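Enquirer: Can you build the whole structure from these sequences, using the hints too?
One letter stands for each residue in the lines below.
There are 2 protein chains.
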Amino acid sequence: MRIKLIIAYDGTNYHGFQSQVNGIAIQDVIESALADLFCEPLRIKSASRTDTGVHAEGNVAVFDVETRIAPSKIALALNARLPEDIRIVDSEEVPGDFHPRFQETVKTYEYRILNRKFPDPMMRNLENHIYYPLDAEKMDRAAQYLVGEHDFASFCSSGYSSKTTVRTIYRAEVIRTGDRISFFITGNGFLYNMVRILAGTLIEIGEGKYPPEEMEKILEARDRSCAGQTALAKGLVLKEIRYPEWERAQEQGPLA
Amino acid sequence: MRIKLIIAYDGTNYHGFQSQVNGIAIQDVIESALADLFCEPLRIKSASRTDTGVHAEGNVAVFDVETRIAPSKIALALNARLPEDIRIVDSEEVPGDFHPRFQETVKTYEYRILNRKFPDPMMRNLENHIYYPLDAEKMDRAAQYLVGEHDFASFCSSGYSSKTTVRTIYRAEVIRTGDRISFFITGNGFLYNMVRILAGTLIEIGEGKYPPEEMEKILEARDRSCAGQTALAKGLVLKEIRYPEWERAQEQGPLA
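Chains A and B, in that order, are what the protein sequence lines are.
Oh and the first sequence: position 70 is 285 in the working numbering, straight run, nothing missing.
Oh and the second sequence: position 221 is 436 in the working numbering, straight run, nothing missing.
Just so you know, these hints were derived from the structure itself, not from any lab.
All values reported here derive from a predicted model rather than from experimental measurement.
Don't be surprised by glycine CBs; every beta carbon is placed ideally from N, CA and C.
One should not assume that every hint holds.
[Unchecked claim] A few chain A residues that face chain B, going by a derived Cβ cut-off under 8 Å, partial list only:
#1 Tyr224
#2 Asp225
#3 Asp300
#4 Val304
#5 Glu307
#6 Pro336
#7 Arg339
#8 Gly404
[As the list claims (entries may be wrong)] Below, a list of computed lysine-lysine pairs in the DSS-like style, where the Cα atoms sit at most 27 Å apart:
#9 Lys260/B to Lys288/B
#10 Lys332/A to Lys454/B
#11 Lys454/A to Lys260/A
#12 Lys260/A to Lys288/A
#13 Lys378/B to Lys432/B
#14 Lys332/A to Lys260/A
#15 Lys260/B to Lys332/A
#16 Lys260/A to Lys332/B
#17 Lys288/A to Lys454/A
#18 Lys378/A to Lys432/A
#19 Lys454/A to Lys353/A
#20 Lys353/A to Lys260/A
#21 Lys424/B to Lys353/B
#22 Lys332/B to Lys454/A
#23 Lys288/A to Lys332/B
#24 Lys332/A to Lys432/B
#25 Lys288/B to Lys454/B
#26 Lys353/B to Lys332/B
Expert: Here's what the structure looks like:
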């Protein structure tokens with residue numbers, strides 16, 4: 216059967232989610248826990264290959280296994296075998312054709328900024344410290360240009376091979392709470408480094424380098440060099456991945 | 216001249232604030248940065264000797280030095296010499312008789328609880344994860360018995376040598392925000408482990424082990440065995456230390 220995992224992690228100590236030649240990835244650690252639990256080598260397929268230092272509250276991965284362990288109990292059994300900076304939040308059985316990447320998805324990210332003179336040592340790996348003042352209201356106005364279907368070629372790191380750079384954004388919002396500024400974005404997909412380049416551009420708008428309206432021109436330019444810098448990885452959190460098509464099918468009951 | 220530092224830190228990697236025989240304390244690291252900056256061995260005196268794993272947003276320490284560096288610039292100069300999990304938030308000159316411990320102080324602590332099924336890997340060192348449901352409203356009602364002048368002998372770890380176990384609490388509040396519960400307490404002083412034992416007692420009240428009114432009886436008993444367990448260190452944050460007497464004197468201008 217196919218098992219879907221919802222995975223939360225602090226990405227600080229890992230070389231991203233996906234296994235690679237250099238360093239330990241989150242995938243390696245989870246696959247090692249799976250091997251220990253099921254006594255066989257198992258591979259997982261993930262929804263999002265987050266970069267080094269990027270965090271998640273709800274990444275999704277699947278794997279196939281034959282087992283008598285109840286699907287809902289697999290989360291607890293894996294957590295007993297995982298380090299504290301990786302937690303399986305939920306486990307459930309899904310149909311054999313469920314793939315976390317190749318079907319309709321709605322992803323939500325948060326980019327976190329601490330905007331005050333001194334960084335917070337407790338949150339040093341979990342937010343981007345910007346000491347000069349940012350105007351969050353201007354950043355929010357700029358973020359509104361992102362909502363809808365657009366070509367995000369200006370917000371994509373070079374070397375990315377995707378069929379299209381068009382994506383649909385359902386929500387984009389910048390909220391200040393005291394010294395902290397969060398940029399929330401929800402869409403049907405994101406290009407490589409897209410949220411971090413958007414965050415970097417919003418930071419430049421927040422410091423007054425150019426006005427909120429510039430965001431529309433940057434989008435239209437379809438040129439990476441028009442956008443801001445790629446913001447630090449540690450401020451980024453993958454909050455949630457939803458599968459609307461699949462969730463609707465679930466609600467209608469299992470098919471024969 | 217005497218310099219007052221406001222110090223924030225993630226206590227996870229240190230054996231408490233005060234220097235001791237086993238392991239590295241936060242004091243050691245700061246004194247090493249001071250020696251590097253001023254080219255002489257300097258000792259600091261702190262307001263609070265937080266335990267291993269306890270955090271701070273505003274611990275206070277002083278040291279004496281003769282220097283041409285402007286007092287307000289010392290914070291930046293020290294931060295350049297400190298690891299990221301310790302930050303000097305502010306530095307200023309104070310009168311030579313200012314002592315962070317031996318004068319009127321008002322301290323505020325926060326004890327943080329994550330109350331849901333799974334822990335948050337990003338916050339694993341910064342909050343106490345309790346998976347069974349807690350009734351924060353009951354905890355807040357119990358906390359109200361703490362306000363005022365009381366003998367807190369029931370909330371003091373044994374082996375503590377203080378002249379008196381009477382302290383005055385100005386504010387005690389338990390607030391739930393989503394899955395997170397915070398216990399805030401402000402008072403003129405705290406006995407050894409007092410906030411953690413109070414938090415442990417509130418957690419037992421929150422889970423329904425005994426009713427909020429029991430807090431009054433536990434206070435009256437003046438017996439450590441009547442209170443709850445000492446809650447984990449990692450949930451505790453020293454938020455702020457104020458010096459009302461000294462602040463009043465400051466407002467009236469420097470004395471001749």
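Enquirer: Each hint should be assessed against the structure and marked as holding or not.
Expert: Hint-by-hint comparison with the structure:
no.	hint	verdict
1	Tyr224	holds, 5 Å
2	Asp225	holds, 5 Å
3	Asp300	holds, 5 Å
4	Val304	holds, 5 Å
5	Glu307	violated, 14 Å
6	Pro336	holds, 5 Å
7	Arg339	holds, 5 Å
8	Gly404	violated, 24 Å
9	Lys260/B to Lys288/B	holds, 20 Å
10	Lys332/A to Lys454/B	holds, 17 Å
11	Lys454/A to Lys260/A	holds, 18 Å
12	Lys260/A to Lys288/A	holds, 20 Å
13	Lys378/B to Lys432/B	holds, 23 Å
14	Lys332/A to Lys260/A	violated, 42 Å
15	Lys260/B to Lys332/A	holds, 25 Å
16	Lys260/A to Lys332/B	holds, 25 Å
17	Lys288/A to Lys454/A	holds, 23 Å
18	Lys378/A to Lys432/A	holds, 23 Å
19	Lys454/A to Lys353/A	holds, 24 Å
20	Lys353/A to Lys260/A	violated, 39 Å
21	Lys424/B to Lys353/B	holds, 11 Å
22	Lys332/B to Lys454/A	holds, 17 Å
23	Lys288/A to Lys332/B	holds, 13 Å
24	Lys332/A to Lys432/B	violated, 46 Å
25	Lys288/B to Lys454/B	holds, 23 Å
26	Lys353/B to Lys332/B	holds, 20 Å
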